[in-house]
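Spelled out from the first residue to the last, the chains are:
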Amino acid sequence: MNIIEFFTELATSVPDQLKLRDLMKHLPENVQQAIKDNDFSAIRAGISDDLFYANETKVAIY
Amino acid sequence: MKNTLVIVGTGIKFMSHLTIEAKTHIENADKVLYLVNEPAIKKWIKVTNVSAESLDNLYVKHLDRDENYHLIAKYVLNMLDNTKLLCLVMYGHPTVLAQPSIYSMEAARFSGHDVKVLPAISSEDCLFADIGIDPGSSGCQSFESTDFLVYNREYDSSCHLILWQPGVIGLKNVSVDHNPQNGLIILTNHLSRKYKLSHEIFLYEASQYPVLNPNIKKIQLRELPGANINRTTTLYVPPNIFKKPDPDYLKIMSELKAIS
Chain C
595 MNIIEFFTEL ATSVPDQLKL RDLMKHLPEN VQQAIKDNDF SAIRAGISDD
645 LFYANETKVA IY
Chain Y
593 MKNTLVIVGT GIKFMSHLTI EAKTHIENAD KVLYLVNEPA IKKWIKVTNV
643 SAESLDNLYV KHLDRDENYH LIAKYVLNML DNTKLLCLVM YGHPTVLAQP
693 SIYSMEAARF SGHDVKVLPA ISSEDCLFAD IGIDPGSSGC QSFESTDFLV
743 YNREYDSSCH LILWQPGVIG LKNVSVDHNP QNGLIILTNH LSRKYKLSHE
793 IFLYEASQYP VLNPNIKKIQ LRELPGANIN RTTTLYVPPN IFKKPDPDYL
843 KIMSELKAIS
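If you read the protein sequences in the order shown, they are chains C and Y. All residue numbers for the first sequence refer to the numbering used here, where the first residue is 595 and numbers rise by one. All residue numbers for the second sequence refer to the numbering used here, where the first residue is 593 and numbers rise by one.
Same shape as in the complex, but just chain Y (with noise of 0.2 Å):
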C-alpha cells in the first residue's frame, strides 16, 4: 500500500518559528513520531496529536550514532508501512543536519511511498539575520565541522564561513559527557592557516524561545580553544579578505550586457 510521509521541522524559536503548514500535518496526521531537543514543543506536539510518539529511546539505542540514525528510518519505514498519512517531526529545519529524516525519506521513497519535505527555520536563517548577514554578498560556505576537518575541505575565506557543531568534533557516539577542547585546538590550528590568530569570529546560538536573545559571543581566533561552547553552539567565520573580480568574467558580462 502506497502511503504518505510528510516530514516538518519546529524551527528553533518554540511556536514562533512553527510554519502553518507544518502545524496543519502535526495536527492531522494519522500518527506522529517526533525527534526533538526542546521539552516545550515536545510537551506541544503530544497534546496537539494523541498519536504523538517520541524517538528519543531508538536515538540513544546504541553507542554509534548513524547506527541510531538508521534505527530510527526503519521504525519509520516500518510504521508508515501501516500508516495512511505519517507525520515525521524534526527539529529546525528537517533536512539540515538531521541525518534520521535524510535516511527516513529515502527509504520511504526506495519503498515507494509519497513523501514530502517541509522546509523550516534552521539556526543558519537565524544566524543570517541575527549576525546580520547575507549569504549572496561573497558567497556563504557551511560545513559541519568534524566533516570540515576530516575531509580537509577547500574553502576560501573571501566568503562567509559557518561552520556547524564545533563543540562536538570528532564525537561519533551519543556520549553525553563531551569536553570540546581537544577539537576546538585542532580547528584553531586548521583555520589559522588562512586566517590570523587575531581576526575575529563568533560564537552564535539562535535563540530557542520567544523574547530572549540570541546568544552571539565575538572572540578572536585565538580565543578558540578556551572558549566555552556547548552542542548546539555555531562558529561563523567573517571574510578575511577582499577579493578582486575576475577581468576575463568582467569582461564576458560586459559582453552580455551589450548583447542584451
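In isolation and in its complexed conformation, chain C is listed as follows (with noise of 0.2 Å):
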C-alpha cells in the first residue's frame, strides 16, 4: 500500500483506532510520525519525498 492508497482509504472508509494503526504500518516512519503530531507541514513533506520529486521542483503554494 502506498501513501495515495492509503489515504483514498481513509477518504472512502470510516476505519477504527486497530485498522488505523495497522493501515500506518505501511507508511515510512517520517510520515507516520508527522501523522501522530498532526503536522501538516510535515506530513506534505514526508509524501513529497517519498513519492516523488527527484525531477520536479519543490514548491511551497499557499
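Heads up, some of the hints might be wrong.
As the list claims (entries may be wrong) - Cross-link-like lysine-lysine pairs, in silico, DSS-like; alpha carbons within 25 Å at most: (1) Y:LYS623 x Y:LYS638; (2) Y:LYS810 x C:LYS630; (3) Y:LYS809 x Y:LYS786; (4) Y:LYS594 x Y:LYS676; (5) Y:LYS635 x Y:LYS653; (6) C:LYS619 x Y:LYS635; (7) Y:LYS835 x Y:LYS788; (8) Y:LYS809 x C:LYS630; (9) C:LYS630 x Y:LYS635; (10) Y:LYS836 x Y:LYS849; (11) Y:LYS708 x Y:LYS594; (12) Y:LYS676 x Y:LYS623.
Said to hold, decoys possible - Stretches of chain Y that chain C covers, calculated by requiring three or more beta carbons in the stretch to come under 8 Å of a beta carbon on chain C: (13) 598-608; (14) 797-804.
The set of hints was computed from the structure by calculation and includes no laboratory data. On a predicted model such as this, the values are computed, not experimentally measured, just so you know. The beta carbon of each residue, even a glycine, is placed where N, CA and C say it ideally should be.
Grab the two chains, each in its own frame, and use the hints to assemble them into the complex.
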C-alpha cells in the first residue's frame, strides 16, 4: 500500500483505531510520526519525498 | 476556435473534498494543468489524467508573485487556444485566494472561450464547521491580511472576522523564508484599536488529510506576535460586542409583517 492508497482508504471508509494503526505500518516512519503530531507541513514534506519529485521543483504554494 | 476552460478545486482534505463533478472533469479533460500544494493530490491528478502538467515552475519563475500569476494565465490561455477541453485544477476553492485562476478565467473569457468555474470547499468552509460558527449570525467579514492593513479596511467588531494569510503579511515575492513576526506585531496593534488585548482569537489550519484533526489554537490577542503560525494558518476573531438592533429598521420590519 502506498501513500495515495493509504489516504484514499481513509477517505472512503471509517476505520477504527486498530485498522488505522495497521494501515499506518505501510507508511514511511517520518510520515507516521508527522501524522501522530498532526503536522500537515511535515506530512506534505514526507509524502513529497516518498512519492516522487526528484526531478520536480518543490514549491510552497499557499 | 472556441474552446472550453473548466476551473476546478480539489478542496482542502485529500480526496474527501473532491466533488464528483471536479473529479469527472479531471478524468475527461483533453489536457489538465494543475497548481496544488499537496503532493498526494498532485500524484492522484497525474495518475488520473496522463496529460496533466504542473504549473509549479511558473509559480516561482519570477520573484514577484503577481507577475507569476499573469504568466500562468498567459500559459493557460495559450494552451486553451489549442485544446478543446482544458481543465485547470487549483487547491481548495478555485476562486478563493487563487489569483492565477481569476486571471486565467478573465483572459479566456476575453478571448471568446467558454469558461466554467466549479465551486469547491475552501478553508473558510472548513473553519465554519470546525470552530462551529454561522456566518449568518451577526455577519462575517473576510479579508486577506495584507489587504486588510494596507487599505485600512472598515470592519465591524460585532461581526465574525476572518483574516487570511496572517503568516505572510507584506510578502509580495515568492521567498521561501519569511519571518511572520513583524507583520503579526502590526496586525496586533491594528486589531487592538477595536479589541482588548485579552480578547480570545483562534489560529486555524484546516485538516488536509482524512482522519486527522484541524489545528485550532485559542490565544489572546496579545499573544499573536509570538504565535507559531505558518503560511496556511487563518486567523478567526470572534465578535466582541453585541449590537442592538436599529429601532427605525425594526419598525419598518414590523410594518412589512403587518402588510404581508
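Let me make sure I understand: some of the numbered hints might not hold for this structure. Which ones are they, in numerical order?
Per hint list: zero violations.
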